[in-house]
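Trainee: Following the hints, complete the assembly by docking chain U onto the known chain X.
Protein chains: 2
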Amino acid sequence: MKTVKPMEYDLMLDERRSEIEGIMRRFMPEEEGETATVKEAMNYSFSSGSKRIRSMLMLETYRLFGGTDMELIGPFMAAIEMIHTYSLVHDDLPCMDNDDYRRGKKTAHVVYGEAMALLSGDALLNYAFETAIGACKAAEGKSADASEALTAYRRIMRALGILAEKAGINGMIGGQVMDMETDESNISLDRLNTMYNLKTGALIEASMMVGAILAGAVDEDIERIRTISADIGLAFQIRDDILDVTGSTQELGKPAHSDEKNRKITYAALLGVDKAGEEVDKLSRRAVREYEEFAYNNDFLKELILRLISRKK
Amino acid sequence: MKTVKPMEYDLMLDERRSEIEGIMRRFMPEEEGETATVKEAMNYSFSSGSKRIRSMLMLETYRLFGGTDMELIGPFMAAIEMIHTYSLVHDDLPCMDNDDYRRGKKTAHVVYGEAMALLSGDALLNYAFETAIGACKAAEGKSADASEALTAYRRIMRALGILAEKAGINGMIGGQVMDMETDESNISLDRLNTMYNLKTGALIEASMMVGAILAGAVDEDIERIRTISADIGLAFQIRDDILDVTGSTQELGKPAHSDEKNRKITYAALLGVDKAGEEVDKLSRRAVREYEEFAYNNDFLKELILRLISRKK
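Residue numbers (my numbering), protein chains in the order written: chain X, 1 to 313; chain U, 1 to 313.
Next up, chain X with everything else stripped away, as it sits in the complex (with noise of 0.2 Å):
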C-alpha cells in the first residue's frame, strides 16, 4: 500500500481543512431576524476553531468507497459537526463542567449568558438534523427514474438513523451519563472502555458509517468500518489521558493535568501511562490492519488515521 509523504499529507490536510471549512460555512444559519441572537451564539461556538476531525473522516470515508456527490455528503458533514459543537457547549455550562474556555475562546454562556447557551445548544443539535434531511434535495434532484431515487432514499434513511443511534442514549449521550456517574465505587476496565466507546468512540463511528453508507458500500464493509471506527475513537481517546498526562498546557493549547487536578478517572490513571500507550497501539495496529483488508483505498484517509492516534497534542 502507498503511503503519503509527511509534506504531501500536510498539504492536502490543509486544503481539506480549508474545502471542509467551505462546506460548514454553507450550513451555517444566517444571522438575520427576529431570533439573530441565538443564531449569532450557534455560529460563534461553531467556527470556534474546531480541527473537523468528526466531517474530515466522514467525507474520506465517502471518498473511499467512491462517493462523489457533496450535495448529499455535505450535509451530513455539517450535521456531524453539529452535534459534536452542541455536545461542547451543553458540556461548558456551569451545572456541567463549568468551563469558562474551549480552544482558547470564551465559551457560549461566558459570552452570552446560561439561558442563550443552552438554546444554542439545543438549537445546534435541531439544527443538525434539519441539516441532514436536507440531503434528500439532493437525491430527489439527482435521480430521474425511480430506482435510483429510492436507492438514494435509502442510504439517506439509513444514514440518519446512524447519526440519532451514535449521538442519543445508546451512543454520546450514554457516554455522557456514564462519564457523570463514574467514581471510585463503581470502576473498572470494562466501565472506562463503555464509556469511552460511547462518549468520543459513537460520533467517530458515526462519521466514517455515515460516509461508508452514502457512498453505496456494501454491508459488509459498513460492518468493518464500523470496527475501525470504533478502534480510532476508543484510540484517540485513550491519546487523550496519556497527552494530559506527559503534555504541557502550550502544546495542548488547553490546561494539561487537568484530569488528574479534577479527579477524573482515565485510562492512564487505572493502567499508567506506558500501559495506556501500549493499547493504544495494539488499537491503531487492528484498525490498519482491517483498513488494509478492503479492496479500496484512500491514502489521506490512511494517513489521517495513523496520525489521530498518535498525535502529540
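These are computed hints drawn from the structure, not numbers from a lab.
Keep in mind that the hints are not guaranteed to be accurate.
[Claimed, not checked] Facing chain X, according to a computed beta carbon distance under 10 Å, are these residues of chain U, among others:
#: 1; residue: Ser18
#: 2; residue: Leu88
#: 3; residue: Cys95
#: 4; residue: Phe129
#: 5; residue: Ser147
#: 6; residue: Glu181
[Unchecked claim] From the derived model, a few chain X residues whose C-beta atoms are all more than 12 Å from chain U:
#: 7; residue: Pro29
#: 8; residue: Ser47
#: 9; residue: Glu71
#: 10; residue: Thr227
#: 11; residue: Arg289
#: 12; residue: Phe300
These figures come from a predicted structure and were not determined experimentally.
Where is the CB? At the ideal position from N, CA and C, for every residue including glycine.
Mentor: Below, chain U alone, put in the same frame as chain X:
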C-alpha cells in the same frame, strides 16, 4: 356537518387518550443498562400527565385524510411529544424559568439534579428524531413494489423536514429566544404574534402537517392544514394568557396570575382580556371555516379544535 354530542365526545376523548398513552409507552426507552438513569429521567418527564394534544391532533389529522397505518404515524406521534417534553424540561431549568413544579409534579432537575435534567432534555430531543426516523421501517416492510416504497420514503422525509423545521430556530426554539428577548422596549402586537406563532404555533403546525403529509394529502390540503393549525396555535396561546388572568390556581392546576407576577408581556396584558377574547373568537371562527372547506371530515377532530380554543383550563 355533523357535530359530536358532549357526552359522546368525552367518551371518545378518553378512548383516544388511552390509545395514545399505549403508543407513547411503546416508544419510551427501556430503563436498563449502564445509562438507566438518563432513561428514567426521560420517562419521568415524558409521562408527567401531559394532555397529549399535539399527538392527538397529529393522529386525527392523519385520520381525516384517510391514514390508517399506526406503524407509520406512531413514531411521529411519540416524536412530537418528546420534543414538547424536552422543551419543558429545559424551560424549567434554573438558568431559564427556574420552576420546581410542573403539572403538580417536581420538575426533572429537582428530582435528578441539573446536569442529568439537561442531558435528559438533550436525550429526548435526540430520541425524538431517532424514533421518527424509525418510521421508515414501517414503510419498507409494507411496500412490495418500488413506486409504493418511494412514495412512502418521500412522505417520511417531508414529514421529518417539517418536524425539524418547526422545532428549530425558525420554529419553537426561535419563539423561546424571542420570548427571552421581549421586554417593554421592543414589544408590539406584531412581535407578540410572531413570537406566539413560533413558540406555540410551530409544534401545533408540525403536528397537523405531519399527519396530513403521512396520510398522503395533496399540497393544497397540506397548505390549508398549515393555516388552520397556525390559527389554532395562536388562539391556544392567547387562551392560555386569558386563563392565567381569569382562572384560579385550583382550576388551572398551576399557579394563576403567574404572568403578571413575572411581569410577562402577554396578549391579555397588551390588549386586555376582552379584546384578547375577541381575537380568540376570530381565529377560532376562521379555523373552523377553513376546516369546512375540506372534502373530508373527522367529527372528533373538529370538536377537538373547538374545545382546545374554548377550554377553561
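Trainee: Any hints from earlier that this structure breaks? Give me their numbers in increasing order, please.
Mentor: Result: hints 1, 2, 7 break, sorted rising.
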